[in-house]
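Here is how the chains run, residue by residue.
Protein chains: 2
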Amino acid sequence: MTTTADRTTKTNRKYRVIGTRPIRHDGHDKVTGRAKYGADIQLAGLLFGAVLRSPHPHARIRSIDTSKAAALPGVKAVMTGKDLPEKATPPGNFMETLADPQVLTENVMARGKVLYKGHAVAAVAAVDRHVAEEALELIEVDYEVLPHVLDVREAMKPGAPILHEDLRTRTTAQMPGDTPDTDGPTNIASHVQFVQGDVAQGFKEADAIVERTFETKPVHQGYIELHNSTASWSTDGNLTIWKSTQGPFIVRHQVACILNLPPSQIKVVPMEIGGGFGGKINTYTDAVAAVLSKKTGHPVQVVMSRKDVFEGTGPTSATHMRAKIGATKDGRITAVEVNLTYAAGGFPGSPVGSGAGTCLAPYKVENLKIDGYDVVVNEPKSAAYRAPGSPQAAFAVEPVIDELADKLGMDPMEFRLKNATRTGDRQASGVPFPSIGCVEVEEAMINHPHYKAPLEGPNRGRGVALGYWGNAGMNSSATINVTPNGSITLVTGSVDIGGSRPALAMQAAEVLGLAAEDVHPSVGDTDSVGYTGVTGGSRTTFATGIAVIKAAEDVRDQMIKRAALVWETQPEDVEFKDGVFTSKKNPEDTLTFQKLASRLMGTGGPVTASASADPKQVGPSFSGMIVDVEVDPETGKVDILRATLFQDVGTAVHPSYVEGQMQGGAVQGIGWALNEEYFYGDNGVMANSSFLDYRMPTSLDLPMVEPVVIEVPNPGHPFGLRGVGESSIVSPMAAIANAISHAIGQRLTTLPMSPTVVREALVNGDK
Amino acid sequence: MTTTADRTTKTNRKYRVIGTRPIRHDGHDKVTGRAKYGADIQLAGLLFGAVLRSPHPHARIRSIDTSKAAALPGVKAVMTGKDLPEKATPPGNFMETLADPQVLTENVMARGKVLYKGHAVAAVAAVDRHVAEEALELIEVDYEVLPHVLDVREAMKPGAPILHEDLRTRTTAQMPGDTPDTDGPTNIASHVQFVQGDVAQGFKEADAIVERTFETKPVHQGYIELHNSTASWSTDGNLTIWKSTQGPFIVRHQVACILNLPPSQIKVVPMEIGGGFGGKINTYTDAVAAVLSKKTGHPVQVVMSRKDVFEGTGPTSATHMRAKIGATKDGRITAVEVNLTYAAGGFPGSPVGSGAGTCLAPYKVENLKIDGYDVVVNEPKSAAYRAPGSPQAAFAVEPVIDELADKLGMDPMEFRLKNATRTGDRQASGVPFPSIGCVEVEEAMINHPHYKAPLEGPNRGRGVALGYWGNAGMNSSATINVTPNGSITLVTGSVDIGGSRPALAMQAAEVLGLAAEDVHPSVGDTDSVGYTGVTGGSRTTFATGIAVIKAAEDVRDQMIKRAALVWETQPEDVEFKDGVFTSKKNPEDTLTFQKLASRLMGTGGPVTASASADPKQVGPSFSGMIVDVEVDPETGKVDILRATLFQDVGTAVHPSYVEGQMQGGAVQGIGWALNEEYFYGDNGVMANSSFLDYRMPTSLDLPMVEPVVIEVPNPGHPFGLRGVGESSIVSPMAAIANAISHAIGQRLTTLPMSPTVVREALVNGDK
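In the order they appear, the protein sequences are chains A and B. At position 167 of the first sequence the residue is numbered 850 (the working numbering), and the sequence of numbers has no breaks. At position 306 of the second sequence the residue is numbered 989 (the working numbering), and the sequence of numbers has no breaks.
Excised from the complex, chain A in its bound form (with noise of 0.2 Å):
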């Protein structure tokens, strides 16, 4: 284990490139306005479309008048949900497992009903986003507004407002067309259980057992560029999506479930995306361009709005939940009980499994019993946002962690680190952890000056927590040219969010002996490069990595293969090492790369790979933050001090951009702490759709984060990489709420711990 302290030199020593900072290829494009987002393609006799979007957080539509927006001078068409097929259908036996198509297209339009405040019910596309705006006011819906329910504990009340009059109870044991648990309508979507043990025995072993009750509000992933679709449907049928996205493949197999178009008929082009975090996988506005193209005979483009995002695409889950654990005096954790309850929004789909799975991740348990409901609600369906799931759930564990150390007497640390879980302990579902490095964060955490250091004043106090993610691996692709100055281009499907461009060029530069600037990399559309997975999951280095790494060492044994020609000898005499080619048998032959390159027309054609990659052993990434705050008595004003984050990131392939990453998780756990949150009045309209009112941290704010790089590399990766971008959001919420119980004595359980909140707790005491 190697921590960014101990690194003498910017270089990871095992490597000539993984380890390195070399600017990012698209630094100087972004940085210069020439970068190309979704909203800058221009195309001949473009259009502009709207949407028009519920006022009601639940109303039945009775009727859709669209005729006097059609005959506004200006509209080339209107839609509505009617324009879509009633049913979406997977092309073929492929399934994509990210998400339900049925959900996804009533989400795109509503049919019937609407579900929440800012549901789609409607289109125009116009020669001007002016004209398309004035159109949507002209179109008349007649709503019958039905009761709303927008708290999880009341929509599973009998008697609640029914979001879906066939939804039942899917428990984890149910596949489809098992008989569901629950006879009659019912807003709980889906029960999530894992039991190991027996947690009544365990409670009783117990010397001291603490149980809290957590309450979170949704929060938006608030990526700063906004939803956008660019979509032509030429006469032949083939449609191509111009999008701000994190995964062009999964937007090609989206749109064709919901269009019921063949995949092949379907090209996205991912432009550069401005900000995801999870919210730009599912599909939006993609099938309501591309039917307003295909009924204008125009390229459509449309755009949302901050209030769109904000009310019309997925925040996370609100949630529910409790936690009770039981420890002996000596600090052995025997036995845990989790209740989590998530709100879906509009359409089943919250990351309550996630939360579920991983909340117990750091210890090792013998008695435990997780469950987890998914609950729909009407507010906007829920999307992915960073470790989905995880945060909140490490927001119910960690401080019951805190206050149970505190009641033993132990160090909080101390107490998990007794506590942790090591390669192959079994998870939450039962199944065991691949190689980990949990005590290593853990170890690396209690021996941090920051862990050491005194904290002296009133009003603060120091928090710790951990937290965890599991990380993906899935399908990717990668192509690699040779060109004849001896550099390489790199082609891949993994939209670049956040630094994957270079991370991966610095990967096939390390097979290939050369530069990272001798790799340049680039994002293909849906047509140019093999099937590939979002970038999410915090797979995308990691995996598309072992895919680039597949196809530079074929490229490799091709060139080997022409320095056998060149030397008239065999593949098997020449050796490759830091770029260059010895022949064996004559050392005093050698070629680097770039001058046999240069060779490759006369022996026999240009040099070229591909290759894919579908890898199983994916490494998980455990994380921790220590965190200092002063509360402010008079306002209830939470201050932080200082932060360090923690993270077990395998290797580091571009340290910067590990640490850019661990940064903007703990920066994103920070605002979700103190000040995020969608305020909803008792209409079910969201107050406060703007970022002047949805409150993001900005960096004066904040303090600078100290991120501390773990690196206990992953045996399922040739240079050992973990998935770096998610694990980083877990454990802040958690951190600060026990900082802050340091500092006023009392346990927080509600996010965000805003001044309101602060101060009522220093007035009232303890929730």
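These are calculated hints, taken from the structure and not from any lab test. Computed from a predicted structure; not experimentally measured. Don't take each hint at face value.
Which copy is meant is left open, so a pair is good if it fits within one copy or across any two.
Once the Cα atoms are required to be at most 35 Å apart in a straight line, the calculated DSBU-like pairs of lysine-lysine come out as [stated by the list, open to error]:
(1) 1101 to 990
(2) 765 to 713
(3) 1278 to 770
(4) 770 to 713
(5) 1260 to 1299
(6) 796 to 900
(7) 1052 to 900
(8) 1299 to 1012
Based on these hints, arrange chain B on the given structure of chain A.
Just chain B now, kept in the frame of chain A:
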């Protein structure tokens, strides 16, 4: 051998897909205006460039004052030849053999001297085209006007104005560095010579000899789409160029040479192309747009006017030629002497070598002497035009063959067939012919109803002639990705001018048992596909086709392994036929390509394959025309009554596009024969630089040209393909000249055979 007349169905009986006529993949987008051409590129902050061109055909530039232009409001940058590196430098030791980079750079912008009217001397970038054009008028160039020379014979005379003081004649045998032929300055850039046998002895054995002198004018390729370049030079040094080109990799190389950049720093994005015919291989405005982009920090677009295209880009060479052929009474050719002098334009590089190499291809000649001279004159630098150099040379040889047959009292086709070349016969260069279909083409002509049909009426005549083009091989790359619904995407670097997307898709489909529609072909940019030579030399469907076939075979082999995995058997136990995988051990186990494609994600991830080709066994193509004309004795106007074009295409992949190529070549030949020419005044200025005055044939001027497809498979391609794009333009001028001579009883020896020329022959007799 089969001809279209033989073929009872549209399908080549040997193949499933090859020989059928699917709709081209780019068809709909092109006819509905969706296809994006170079000038359709719109970028944020785009500036517009304009180029100042010399008004003089030959002058020394004393000075250029750009200060007034630079001061004009809206002008962002001004450049001259001084803004380009003095010496063009090939990157590394990789050389593209297509053009001398130093000539290219001096042609892109003049240094010291202007060598033709239209030679670029300066350029500006401004906020719009109008300001840019206005600024050009403010640039003050102080010229010392020099005497100019346009005619090749004048240019070869002692005392002629010398274009390049340092030019010395280079002979075929000379390599760079050898001492040149001549001591002093000359306009003769090179002299090629082919000699076989004893020409003097051959003529002694002849019973009849015909000798004639011929002259042709410069003609332009006449593509509809104007040259364009849009360049964005980023602050990190990376340069992106969007443009209409036949070869993005060639442009990358040429621009790399001109700007002294590594090619990997340049990305060329080929847009759809509106015609090229050889004229869109060399770079013109790319480095200009690039330098203006670097100077301004903005993307810059330069689009030529039609006048710019005529005056500033390559026509094909004007020529002065002489042919002398002798034969015995029984029709055996005993000796041939050919002298070809081609105008190179302002810089060396006419296609006289190709003319010399191809002009006797249809004839087995023991004794021959061919001399070719490349001569610089004060005209635009000549550029490739469909079978470069061969049509002119055929216009010198084929009429003499015809006249000799007349003299011998033989049928002109019988005379040709008697002397026809066969596989293994020596070419003029001494290299033996690979497998060829010369005899098959001639037999098809003789047996065709057109040749047997009576031609009655006064002023009418029938003519025949043969044509030949050797075709090219060169390097190509291709990548194939399998889509979950069982279609595939196909990426190549070959710009699609005449239907190469369908023709390449069909070859992949043939290998994989798919329909042509199941293949989604696209053209990649230089960063996304392996090095691929120009779309030219009739090489694309042949050579890129071989790369495509190799990639498809790789896909097939990978899919066989997946089927084996599914059936828990070995790959050698899996059979693949007509798109279906079958287990040899258990023939009930079958999987269609589509079905297996949907299961790739669970069996090892996506299937993707890249391959390259460097084919050596290129298949040359013979062709011939039978044409009937009627001459109006009052006006001299020639009407084409009937025209039939015969060509050995190897195997017709897509017969419609093969026929289209044949008809297109024939039509360009007819234009060249009857109307097209650069008309120069004594001042060296082209007087007809618009499509109104430069008379290209329209459909009103033409009969339906009947294409007769002859298929003599090329053993150098798995499906027997030969290149088909160029051979068809070679014979028409000679065939029409022969037809006119039979109509009016006099031999015409100049092109174009315009009404003025024909009328003069009618009045004044044989020239």
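Evaluated hints:
no., hint, verdict
1, 1101 to 990, "neither (48 Å within a copy, 83 Å between copies)"
2, 765 to 713, "between (40 Å within a copy, 31 Å between copies)"
3, 1278 to 770, "between (58 Å within a copy, 22 Å between copies)"
4, 770 to 713, "between (41 Å within a copy, 33 Å between copies)"
5, 1260 to 1299, "both (29 Å within a copy, 32 Å between copies)"
6, 796 to 900, "within (25 Å within a copy, 75 Å between copies)"
7, 1052 to 900, "within (24 Å within a copy, 92 Å between copies)"
8, 1299 to 1012, "neither (40 Å within a copy, 82 Å between copies)"
Going through the hint list in order, the structure does not satisfy hints 1, 8.
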